[in-house]
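If you read the sequences in order, they're chains A and B. Note that our numbering numbers the first sequence so that position 216 is 216, with each residue one more than the last. Note that our numbering numbers the second sequence so that position 217 is 217, with each residue one more than the last.
Calculated directly from the structure, the hints in this document are not laboratory data. Nothing false has been slipped in among the hints.
If you anchor each label on the Cβ, the simulated ranges turn out as follows: (1) B/Ala24 to A/Lys145: 32 to 40 Å; (2) B/Val188 to A/Asp186: 56 to 64 Å; (3) A/Asp3 to B/Leu147: 58 to 66 Å; (4) A/Arg149 to B/Phe152: 38 to 46 Å; (5) B/Phe152 to A/Asp186: 47 to 55 Å; (6) B/Val143 to A/Asp186: 46 to 54 Å; (7) A/Gly19 to B/Asp141: 19 to 27 Å; (8) A/Ala274 to B/Leu215: 30 to 38 Å.
Derived coverage of chain A by chain B (criterion: at least 3 residues anywhere in the stretch with Cβ under 8 Å from a Cβ of chain B; other residues may be distant): (9) 85-91; (10) 104-110.
Just so we're clear, the structure is a prediction, and the values are computed from it rather than from any experiment. Even for Gly, the Cβ is constructed at its ideal location relative to N, Cα and C.
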Amino acid sequence: MTDTVLQVRNLTTSFYIGGEWHPAVRGVSFDLARDETLAIVGESGCGKSVTVMSIMRLLPEAGSRIEGEILLDGVPIGTDPEAMQKLRGDRMAMIFQEPMTALNPVLRVGFQVAEPLMQHRGLSREAAMEEAVRLLELVGIPSAKSRAREYPHQFSGGMRQRVMIAMALACEPEVLFADEPTTALDVTIQAQVLGLLEDLRHDKGMGLLLITHSMGVVAAVADRVAVMYAGAIVETGPVDKIFAGPVHPYTEGLLRSIPRPDRDAQDIYSIPGAVPSIDKMPKGCRFAPRCPLKINRCETVDPVLVEITPGHFAACLVRAGEPS
Amino acid sequence: MSAMNDWAGRYRAPLYILRRLLSAIPTLLAVLTVIFFAIRTLPGDPALAILGDTATDAAIAGLREKLGLNLPVWRQYLNFLTGLLHGDLGTSLVYGRGVLSELLRVLPYTLALTMASILIGTLIGVPLGIISALHRNRFIDYVTRVLSLLGFSFPVFYAGIMLILMFSVWLPWFPVISSTSGSFGDAVHGLVLPAVAGSLGLIAMITRASRSSLLEVMGDDYIRTARAKGLPEKTVLYRHALRNALIPVVTVIGLYFALIIGNSVLIETVFTRPGLGSLIIGSLDNRDYPMVQGLLVAYAAIVIVVNLLTDLTYSVIDPRIGQS
Numbered sequence: 001m002t003d004t005v006l007q008v009r010n011l012t013t014s015f016y017i018g019g020e021w022h023p024a025v026r027g028v029s030f031d032l033a034r035d036e037t038l039a040i041v042g043e044s045g046c047g048k049s050v051t052v053m054s055i056m057r058l059l060p061e062a063g064s065r066i067e068g069e070i071l072l073d074g075v076p077i078g079t080d081p082e083a084m085q086k087l088r089g090d091r092m093a094m095i096f097q098e099p100m101t102a103l104n105p106v107l108r109v110g111f112q113v114a115e116p117l118m119q120h121r122g123l124s125r126e127a128a129m130e131e132a133v134r135l136l137e138l139v140g141i142p143s144a145k146s147r148a149r150e151y152p153h154q155f156s157g158g159m160r161q162r163v164m165i166a167m168a169l170a171c172e173p174e175v176l177f178a179d180e181p182t183t184a185l186d187v188t189i190q191a192q193v194l195g196l197l198e199d200l201r202h203d204k205g206m207g208l209l210l211i212t213h214s215m216g217v218v219a220a221v222a223d224r225v226a227v228m229y230a231g232a233i234v235e236t237g238p239v240d241k242i243f244a245g246p247v248h249p250y251t252e253g254l255l256r257s258i259p260r261p262d263r264d265a266q267d268i269y270s271i272p273g274a275v276p277s278i279d280k281m282p283k284g285c286r287f288a289p290r291c292p293l294k295i296n297r298c299e300t301v302d303p304v305l306v307e308i309t310p311g312h313f314a315a316c317l318v319r320a321g322e323p324s
Numbered sequence: 001m002s003a004m005n006d007w008a009g010r011y012r013a014p015l016y017i018l019r020r021l022l023s024a025i026p027t028l029l030a031v032l033t034v035i036f037f038a039i040r041t042l043p044g045d046p047a048l049a050i051l052g053d054t055a056t057d058a059a060i061a062g063l064r065e066k067l068g069l070n071l072p073v074w075r076q077y078l079n080f081l082t083g084l085l086h087g088d089l090g091t092s093l094v095y096g097r098g099v100l101s102e103l104l105r106v107l108p109y110t111l112a113l114t115m116a117s118i119l120i121g122t123l124i125g126v127p128l129g130i131i132s133a134l135h136r137n138r139f140i141d142y143v144t145r146v147l148s149l150l151g152f153s154f155p156v157f158y159a160g161i162m163l164i165l166m167f168s169v170w171l172p173w174f175p176v177i178s179s180t181s182g183s184f185g186d187a188v189h190g191l192v193l194p195a196v197a198g199s200l201g202l203i204a205m206i207t208r209a210s211r212s213s214l215l216e217v218m219g220d221d222y223i224r225t226a227r228a229k230g231l232p233e234k235t236v237l238y239r240h241a242l243r244n245a246l247i248p249v250v251t252v253i254g255l256y257f258a259l260i261i262g263n264s265v266l267i268e269t270v271f272t273r274p275g276l277g278s279l280i281i282g283s284l285d286n287r288d289y290p291m292v293q294g295l296l297v298a299y300a301a302i303v304i305v306v307n308l309l310t311d312l313t314y315s316v317i318d319p320r321i322g323q324s
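Using the sequences provided together with the hints, build the complete structure.
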């Protein structure tokens with residue numbers, strides 16, 4: 001594909017815990033195209049945030065190790081900290097989950113939006129502030145000119161998340177990472193913010209990598225989805241294919257656990273068991289202990305992604321088999 | 001923005017100051033009451049103490065009458081309060097002059113000493129705390145922490161004597177006795193050693209407070225946001241972290257101000273400096289009750305004013321304060 005903007009190859013991120021290195025992300029590979037939304041979905045602790053933080057190199061250096069290859073526009077990135085600092089906020093930007101704490105409480109909102117412009121575009125403070133007001137208008141903040149002079153605590157959660165989006169968009173990045181951008185917001189605001197992200201992605205032709213634990217969000221906005229479990233992608237493909245015919249039993253479980261108005265609350269399916277902790281990963285397939293389809297081989301062989309139909313991959317010995 | 005909001009925004013600071021000033025009144029009244037009755041419980045008859053054992057009963061009775069000691073306690077208390085309202089703190093028994101004028105004469109010396117101590121403490125303590133935090137658990141951090149422990153445990157009078165010994169006796173750089181006359185330069189010259197003696201504990205305290213506060217702030221979400229914007233680490237530290245980290249440091253300085261002013265009594269004695277401290281020691285020796293009472297009132301007023309200033313400093317640093 002010529003319009004691929006971000007390629008991630010065999011990304012493995014390990015943390016040093018109790019005298020040993022434990023991988024939190026294992027051999028994750030994916031591509032992201034311009035004007036495409038890829039959703040990474042999974043339970044808390046499955047490594048979806050760590051994946052993005054590894055690409056952005058925002059993990060604390062001590063106690064973490066990042067391996068694999070990341071290409072932005074076909075050029076490898078990530079090895080030189082100074083080069084990464086210049087990329088962040090310029091060609092790759094990020095929105096965080098908690099808009100209440102992700103903005104600096106003692107700096108004016110407009111200034112925080114203007115900062116990347118001064119840093120990466122070399123704009124003067126005045127010019128950057130003017131541009132910040134325009135950006136705040138773009139993300140739908142009313143009376144942006146006066147609100148730019150206010151502080152984050154004077155904004156509601158939804159408005160703060162809009163500020164975060166304006167800040168991330170300041171330098172028109174090629175790739176935008178959004179880590180659970182709507183999780184902390186009211187349901188009515190969630191749809192607005194997701195809609196805004198989608199519109200802006202399309203207008204600017206960005207690649208949007210959306211992290212979420214909600215299959216509902218995936219269905220609403222994503223083009224493709226990658227389902228992560230215990231640090232690895234277990235199934236990936238176009239959203240319609242995966243919703244219509246999930247292959248991996250974990251994906252199936254996630255889809256069945258979406259609450260539906262035609263069923264009672266106690267009938268909502270929940271996957272038995274919990275995600276294994278990082279230092280107690282089972283051998284073989286990591287989902288095996290929770291899997292209804294488990295066979296003996298699952299406990300010894302770690303399945304790899306196998307192409308089922310074009311663009312649709314799954315890693316399950318029972319359903320997808322083994323590569324020949 | 002609504003008109004109400006606009007109004008509240010414009011008058012936010014003055015309203016906040018007014019509210020804080022009003023709330024200081026009951027505090028001051030409580031302190032005055034405690035001081036008044038504490039002085040009355042001191043053993044011995046002031047009139048007897050002033051006139052000495054050889055005085056005649058008639059002379060003692062006359063003086064008691066003159067001092068208003070024959071009045072019921074509640075009348076004395078009311079007289080004390082009405083006097084205060086008129087700016088009358090009574091007349092010194094030793095100097096024969098108004099307590100207030102005597103107090104105002106020496107007040108600048110004590111204020112200069114405490115302010116210089118705080119200035120030195122901040123100018124050295126904050127950078128040391130930053131260095132310590134940035135080199136957490138490395139050699140320089142351990143050295144700083146050991147030094148600040150020493151600074152804490154060094155009694156201020158001992159530090160004063162050692163400083164005089166080293167920098168006035170062995171190395172004749174500074175005067176042994178602070179000069180009260182002479183030029184501004186002389187005054188500053190004489191202030192150096194006392195201020196250094198007074199700042200040692202403060203340096204230790206501010207170093208510790210700014211170290212732990214900065215470490216905490218550096219883990220906050222908005223610091224991650226600042227890094228995600230591609231700001232260089234220096235900008236992250238000085239623009240985003242430091243201002244937030246200084247808020248608890250201001251609290252510490254405000255809280256320990258009472259201790260600093262208490263230390264000034266010892267320092268003024270060691271360095272034979274004029275000031276509230278040496279005045280109160282002299283007045284206690286001479287049983288100059290009105291003077292002691294006036295000085296205690298002055299100390300209380302200073303501490304209350306400093307608390308007020310601390311609160312106002314917050315509202316300058318932290319835009320969230322003074323809002324509700």
